[in-house]
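Colleague: Quick mapping for you: the protein sequence lines, in order, are chains B, X, P and E.
The opening position of the first sequence corresponds to residue 1 in this note's numbering, with each subsequent residue numbered one higher.
The opening position of the second sequence corresponds to residue 1 in this note's numbering, with each subsequent residue numbered one higher.
The opening position of the third sequence corresponds to residue 1 in this note's numbering, with each subsequent residue numbered one higher.
The opening position of the fourth sequence corresponds to residue 1 in this note's numbering, with each subsequent residue numbered one higher.
One or more of the hints may lead you astray.
Stated by the list, open to error - A few chain P residues that don't get close to chain E, going by computed Cβ distances all over 12 Å:
1) C87
2) W118
3) E180
As the list claims (entries may be wrong) - Within a straight-line C-alpha distance of at most 30 Å, the following computed DSSO-like cross-link-like pairs (lysine-lysine) qualify:
4) E/K234 to B/K232
5) P/K120 to B/K197
6) E/K477 to P/K113
7) P/K113 to X/K213
8) B/K238 to E/K477
9) E/K538 to B/K195
10) E/K538 to B/K246
11) P/K113 to E/K73
12) E/K495 to B/K232
13) E/K477 to B/K229
14) B/K235 to E/K730
Source of the hints: derived by calculation from the structure; they are not laboratory data.
From the three backbone atoms N, C-alpha and C, an ideal C-beta is built for every residue, glycine too.
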Amino acid sequence: MSLSNLIKNWSNFRTRRPYEGQYDDSPYKWAMVIDLDSCIGCNACTVACYAENNLPVVGKERFGKGHAMHWIRIERYWGEGETLETEFPERGAQYLPMLCQQCEAAPCEPVCPVGATHHSPDGLNTQVYNRCVGSRYCSANCPYKVRYFNWWNYPERAWPNPLELQLNPDVTVRSKGVMEKCTFCMQRLRAGMDKAKTDGRILADGEVVTACAQACPTSAITFGNLADKNSKVAKMWKTQQVDLAKNVQEKTEDGIRGYRILEDLNTYPSIVYLERLRNMAS
Amino acid sequence: MSHTVPSHPQMDVQIERKFVPKQKDLGEDVNWAQINKDVLRSLEKPRPAFWIIFFSALALFSFGVYCEVYQYQTGMGVSDLNNPQVWGLYIATFIFWIGMGHSGTLLSALLHIIHADWRKPIYRYSEAMTTFTLMTAALFVLVHMGRLWQFYYVVAYPNERWVWPNFTSPLVWDATAIGTYLTSSLLFLYMGMIPDLAICRDNAKGARRALYKFLSLGWQGTDRQWGNFKVAYMTMACFLMPLAVSVHSIVSTDFAVSQNPGWHVTSFPPYFVLGALYSGCSGIITLFIVLRYVFRFEAYMTQPILNKLIKMTFAIAMVWTYLDLIEYATTWYGSDEVARQDLVYRATGDYALQFWGMIFCAMVMPFTLLIRFVRQNYVVLLIISLILNVGMWLERFQIITPTFAKSHYPWTWTAGWWPSWVQWGIVAGSFGWFTMLFMLYCKIFPSVSMYEVKEMVHEQNMHDKLHGAQAPAHQTALGAIPEMNGGKI
Amino acid sequence: MNYCKKLFVWMFLIVIGTSLVSAEPFVQGGPIGSQTSDGYDALGPVVEQPIEFPHNTHAGRMQINCMYCHTYARRSNVSGIPRLDKCMGCHNLIEGVKDRPRIKKLFEYWANKQPIPWKKVHDLPDFVRFNHERHIQRFYFQEKRPVRETCGYCHGYIASMTTARRVKALSMGWCISCHEKDHLEKVGSTVTSHGPNDCWLCHK
Amino acid sequence: MSMGNMDRRDFLRVLGISGAAATLAGCGNTAIESGVEEVMSYVQPQDFVVPGIGVFYASTCTQCGSGCGIMGKVREGRVLKLEGNPESAISAGKICGLGQAAVQAHYNPDRLRTPMMRSEGGLIPVSWDKATQMLEQRLGPTSTLKGDQIAFLTGDISGHQRVLLENFLESYDSTHHVLYDAISRVTGQAASKAVLGAEQPLLNIDKARLILSFGNDFLGAGVSPVHMAAQYAKFRKAPRGTLIQIEPRMTLTGGNADRWYPIKPGTEGILALGIAHDLLQHEEFAKGVPDEVHALVKQYDQASVSEITGIGADAVHLIAGQLWNNSPSLVIAGPGAEGHAYGFSNVVAIQLLNVILANRGKTIEGQAEHPFPQLAPLQGGYRALAKLHEQMASGQCQALLIHGTNPVFTSPSNLPFADSMEKVPFKVAFVTHLDETAGNCDLVLPLLSAMEDFGTHVADYQPNGVELMVQQPLMEKLYPESRGFGDILLDILKKRKPDSYTAFPDYYSYIKTAVVKAKPVFKVTDSDDHFWEDALRKGVIKWEGKPTALEAKLSLLEVPKPRGLEADYPFYFVPSVRPDMRDGRHAYLPWLQESPETMTTIVWDSWVEIHPKTAAEMQIREGDVLVVQSATGSVRAVAYIFPGIQPDTVSMPLGQGHTQLGRFATGVGVNPYKILDPVFDAHTGELALHATRVTLRKTGENQNVVKDEGPTNFQNGHKLVATLDADQAKLSKEI
């Protein structure tokens with residue numbers, strides 16, 4: 001048995017804080033930037049995700065029970081505090097596309113009893129469906145609550161014939177009792193990375209993007225390889241002064257928009273959000 | 001009260017004693033033959049009332065099984081669990097049962113180690129309770145799993161997939177700890193029963209005799225057997241002590257290592273262990289009263305023993321209360337704003353009833369144990385012990401549900417989430433399952449340790465002798481060591 | 001050593017031994033299963049195909065490279081069943097065998113422009129992704145191993161079979177056992193590397 | 001390579017369909033198997049087809065009139081997913097949710113699979129032979145139908161479909177092509193034409209420094225949302241433009257506004273004049289404006305405007321101030337301003353601002369002239385339908401053919417279209433799904449889905465020159481009994497006019513011939529085949545055209561005050577158009593039903609939006625079931641407390657409440673079309689969608705509102721969506 005494997009890789013079982021230069025030697029570290037000033041809340045990303053990742057439509061009753069299965073959801077807030085201070089939301093609504101943050105120090109990873117979710121070499125939180133036993137500990141521990149559990153055997157009802165012909169053969173159809181979540185369209189990345197490896201190169205910037213980023217009509221979602229210093233994402237992280245390996249970002253000046261959500265929980269997310277702008281003089 | 005403490009002749013004789021001596025744990029009139037007779041009587045053909053209760057429990061259990069089968073077939077969705085309420089009653093009740101399983105071991109192992117003899121008449125059924133509560137708790141681990149049929153993925157064993165479970169997960173620790181604890185508790189219970197099984201063997205006929213013969217492993221009560229037995233039993237007790245503490249500490253890490261507000265607390269391990277002992281002790285009081293009444297064990301389950309048990313329960317309750325309050329205090333004065341909001345939510349939000357119910361049942365009710373009338377009135381005590389356990393169940397509920405209802409992420413807050421009938425059914429079924437197991441146990445195995453009560457009687461007499469009390473003649477006549485009676489007890 | 005201790009030691013050995021032995025065939029593709037007609041230990045059943053395709057003639061006697069027909073193997077995740085016009089490309093010109101029943105069947109399918117409903121022999125679970133392209137590129141093109149070895153590691157010695165039969169375990173442990181081995185990076189090079197250890201490489 | 005019709009279909013031949021079933025079994029096959037699943041080979045695929053690798057084919061989205069270029073990912077003969085086509089200037093590689101869901105329309109389980117014919121008791125499935133027989137008998141060469149006896153009712157239509165349809169009608173000496181769109185833009189277009197000389201001017205959103213939008217949801221349910229969204233993204237980059245939105249109910253676009261003002265419905269024009277009043281105080285704006293305009297605008301001083309519109313006097317001044325500070329600006333009118341009795345005047349007043357602000361030629365221009373006017377899109381509105389309804393009711397109409405519209409569902413209750421349909425002896429519906437209108441027809445013909453058919457389209461809104469969008473099948477047709485719309489028309493035409501049409505074996509060859517014939521216009525020198533292949537490959541044929549100049553006509557109409565609230569009906573009723581549901585034709589797409597409406601996050605339902613203040617006054621809680629009663633009818637729906645709405649207004653989304661349209665649409669929500677008051681625009685006669693007045697009645701019931709948000713929709717002190725003052729941001733330094 002692979003006892004040797006276990007011993008050899010024992011250090012991998014430890015959960016470490018991300019450190020400076022962690023991905024210097026690896027070809028890929030997938031990351032994202034979401035510009036909240038560009039996001040118009042149109043839900044194109046959500047539907048694209050349904051199409052790409054075989055997400056089941058659960059129906060009204062189950063949605064009402066909190067059993068929705070949208071890996072990316074558009075949240076709409078009215079204010080930062082607890083109530084609306086003005087009579088009307090004068091500065092519009094606050095849209096937030098929320099998906100798995102692919103944390104570098106993910107709270108979900110160390111608690112999975114079977115290691116169904118773990119950190120991949122390219123910096124993603126994997127979710128191995130067939131390994132999952134459904135303890136839901138990962139979801140309990142996820143501060144963003146972006147993990148979705150198959151409360152029902154959705155394949156039974158979600159794709160009445162011939163809707164199932166639309167299913168993406170590269171993505172497993174999940175049956176009941178399995179946790180699932182955004183994978184950064186791993187199937188696309190995997191296909192791209194394999195092809196690039198055959199060609200003896202690494203993926204070019206923008207060669208493969210997630211379904212949400214591809215659909216986004218305002219290009220609010222930028223997806224790319226943070227390990228490649230010349231990629232758009234890496235440059236954006238740099239100009240926004242967000243460091244993957246820091247939990248408190250030091251900004252040299254005001255007006256730099258980048259931030260990561262719930263960073264103070266030391267999750268080190270891989271998604272940087274850019275602050276929404278409003279012309280307060282108007 | 002039906003049972004009165006016999007007067008002590010030594011009071012007149014013992015001039016050197018300045019204080020009123022302790023009440024004796026057992027009455028003067030207990031003799032060895034009576035012990036066998038009384039205890040073996042409890043194994044006789046049950047009365048109709050037994051079957052009525054037993055089948056009610058079975059019905060309850062069957063309903064639980066039906067709920068679980070329904071959930072298994074249809075999906076976890078029937079439980080109305082959702083994102084973020086992913087755990088619900090299953091984990092709450094799991095912790096409740098695990099907690100119940102702690103005092104039996106404490107009574108038998110810890111008190112055994114420190115030679116507190118009053119444990120002897122009551123430790124057997126407490127241990128049985130431990131074993132069955134653990135078995136019930138283990139069921140909840142399975143019930144809770146989304147893919148029950150893949151539960152073996154959690155177990156570390158060489159397999160064709162060449163993968164191991166994730167050793168950093170508290171759930172793996174849980175599985176390991178509970179497995180170990182269950183095995184050792186079962187072994188400890190069984191081992192302690194061997195001499196008694198021999199007695200049963202010698203008094204039984206037919207299939208029962210075969211069963212006892214098989215289980216008593218050829219116990220003859222020889223000197224060597226007694227010697228080995230004592231050593232092994234003490235070793236097991238020493239092994240179990242830290243294990244019992246570790247199990248609930250580990251269960252507490254399910255919460256303590258997580259991110260969630262209200263869980264992220266360093267005092268959780270002692271808090272959980274004490275909570276476990278608390279609920280376990282009140283469980284023991286409940287069963288004490290029930291067994292005492294049903295099997296007419298008045299002679300062995302005496303008021304002094306109960307008094308000690310109550311004192312211990314009260315002490316544990318107070319430590320637990322302290323830990324609970326200190327947890328609130330640290331949260332309140334701490335810097336974690338979300339945890340503070342969560343605390344306020346618990347006390348004032350959708351689950352305030354459960355919160356204050358817990359405070360009342362588990363923090364206020366123990367003070368009634370200070371009243372002598374309560375301690376001596378078995379009916380009242382029964383009700384109070386049940387209330388204490390309701391409080392402890394509510395405590396588990398309000399650790400889990402409000403935290404999920406209001407965690408770090410406002411978008412996924414839930415308002416007034418409530419479990420479905422399936423969850424309640426399975427929880428009810430678990431009580432049926434426990435009752436069933438315990439009732440069967442009581443009718444198959446002696447629920448009071450015969451040989452140890454005998455020891456106790458003997459020691460009490462020896463004690464009296466040494467200190468000049470006059471022992472009844474029929475007891476001193478039997479001699480000091482059981483094996484002197486031709487290997488039979 | 002007294003009886004008790006002996007018992008414990010034996011029980012322990014038996015438990016470990018049993019699990020190791022029972023896991024063995026899953027890992028190595030080994031001893032259980034029936035024999036193929038060619039004397040191989042097959043793990044899979046005999047699969048009845050619409051045409052009893054003689055691999056032994058094509059790959060064995062004719063020495064045709066696997067990838068001549070399974071042309072997608074080096075370009076795609078799936079090796080793919082050869083397209084019908086590929087079969088016809090040759091068999092149109094081979095007059096000698098046109099009257100054989102199997103070839104007649106082939107011509108029939110072609111005439112109807114109907115695909116042949118082959119049965120899958122090496123069918124991994126649906127949650128597993130196996131990339132033929134990477135394996136072929138790595139071992140056939142990069143390391144220059146013979147095609148018989150490259151394909152045969154998972155598919156067995158197909159050149160000796162008529163229709164294919166599964167002779168290897170194809171289990172997860174079996175895959176990992178190879179991924180953990182050190183393989184030469186290039187022909188002639190001494191640098192070795194082992195297969196990736198990332199769950200998402202194979203699980204989708 | 002040859003791309004003839006048959007070849008093309010051949011190489012799409014579905015040979016791996018069983019693979020799809022295997023995918024669904026998904027977690028079913030969890031073991032290593034042999035001999036269970038089938039694996040089929042291709043017979044004779046194109047060389048670039050590799051199993052396991054998707055191939056993208058360009059086509060055109062037909063979900064709305066925007067005409068976005070799309071690419072379908074095709075694998076093993078199945079179309080799996082749609083992406084935007086980077087070749088098209090309209091979509092520029094992007095796609096909206098509505099477009100994505102087109103695959104579900106194609107694979108929808110409730111698609112009509114065979115023709116249906118009315119017999120006693122209802123529609124029954126029949127064979128094509130029988131259907132063709134009936135068609136021929138009624139419409140074939142022997143038909144005596146003539147002129148207005150035959151009517152062809154369609155939704156928006158463009159391209160060769162339009163040409164063929166007009167030719168078809170011509171063969172009956174008829175021009176009776178009735179266009180109907182439930183959410184019509186006719187009023188707005190007429191007003192634009194009156195002021196600017198263009199029905200749909202080109203809006204250079206990206207060039208504007210300030211956009212003042214009067215209820216135009218250009219990012220959501222607008223005229224070309226994907227294109228506008230891309231423009232909007234540029235508009236928000238440095239130097240960042242400001243968006244001010246004025247509307248009674250916050251739309252998706254309103255949610256993105258820098259400043260959002262709730263206005264009393266119908267008073268938009270008055271506000272525009274109030275702003276104009278402020279602007280004209282400035283010399284630079286005042287010059288060139290005719291005196292009559294000056295005279296009229298003078299009445300609209302800040303105080304009175306503020307009183308009528310409910311927008312503070314200082315706000316009017318503030319808006320005007322920003323307009324003169326931020327040039328060029330862009331003022332847009334939308335359905336919120338159009339849908340009133342004086343909608344036309346409203347829009348005229350609003351467009352006047354563009355003229356005063358001299359935005360013409362900068363941010364607002366004319367669309368490029370269309371090289372093929374016969375292919376240009378046609379849009380309809382309510383008035384045409386009303387006229388048809390009268391004709392039908394009076395028995396003039398002998399045959400009614402319906403395609404791409406569902407008037408039985410969308411007509412208000414004052415126009416009982418289903419009743420008048422009964423007077424027509426022969427009604428044919430061309431549909432992919434049996435909707436309410438088709439359910440009332442005598443013959444229902446199953447069409448190919450948009451993923452299976454050929455076609456050409458011209459978008460309503462052409463941002464860059466003119467694009468002829470080519471639609472091509474992305475996969476083999478699923479149901480052998482379904483046929484293309486063009487093919488059916490062509491078949492009849494061939495019978496009626498054998499000389500002109502026998503040359504075309506099918507609609508595909510008709511399009512191909514027509515497009516190839518137009519090659520010189522596109523200034524292409526390739527061979528015909530090459531030109532056509534290129535068109536199919538790119539999915540779009542571009543015609544370079546320059547934006548045209550707009551001429552301003554400053555003749556101003558008076559903008560009367562809208563009808564006020566009455567005691568019986570104390571609320572304005574604003575039906576909202578969801579970006580994904582539109583007029584309701586997409587309600588059968590489960591992805592869209594499950595996709596939360598962004599502003600409320602409600603799914604699978606209809607609801608009534610009420611301002612918290614109003615709700616508190618009426619003691620309405622979220623989830624209370626309300627009866628919304630207008631003079632013409634009532635509907636029941638749950639209440640949703642929504643701060644983004646004018647307090648005297650209640651709003652309900654359109655598109656739900658189907659009684660027929662498959663399992664995903666029927667029984668979901670209610671249909672607010674049926675409670676619209678018969679108020680018409682004074683100038684165009686169009687139905688005023690926003691002019692209804694209603695009253696609310698509580699039923700005492702309370703239901704769980706099925707929505708994505710939890711009990712709070714505030715961030716509660718967590719930094720989730722942070723907002724920064726635009727002045728402080730250093731956008732120019734960003735990448």
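Colleague: For this structure, which hints from the list above don't hold up?
Modeller: As far as the earlier hints go, 1, 2, 7, 8, 10, 12, 13 are violated by this structure, in ascending order.
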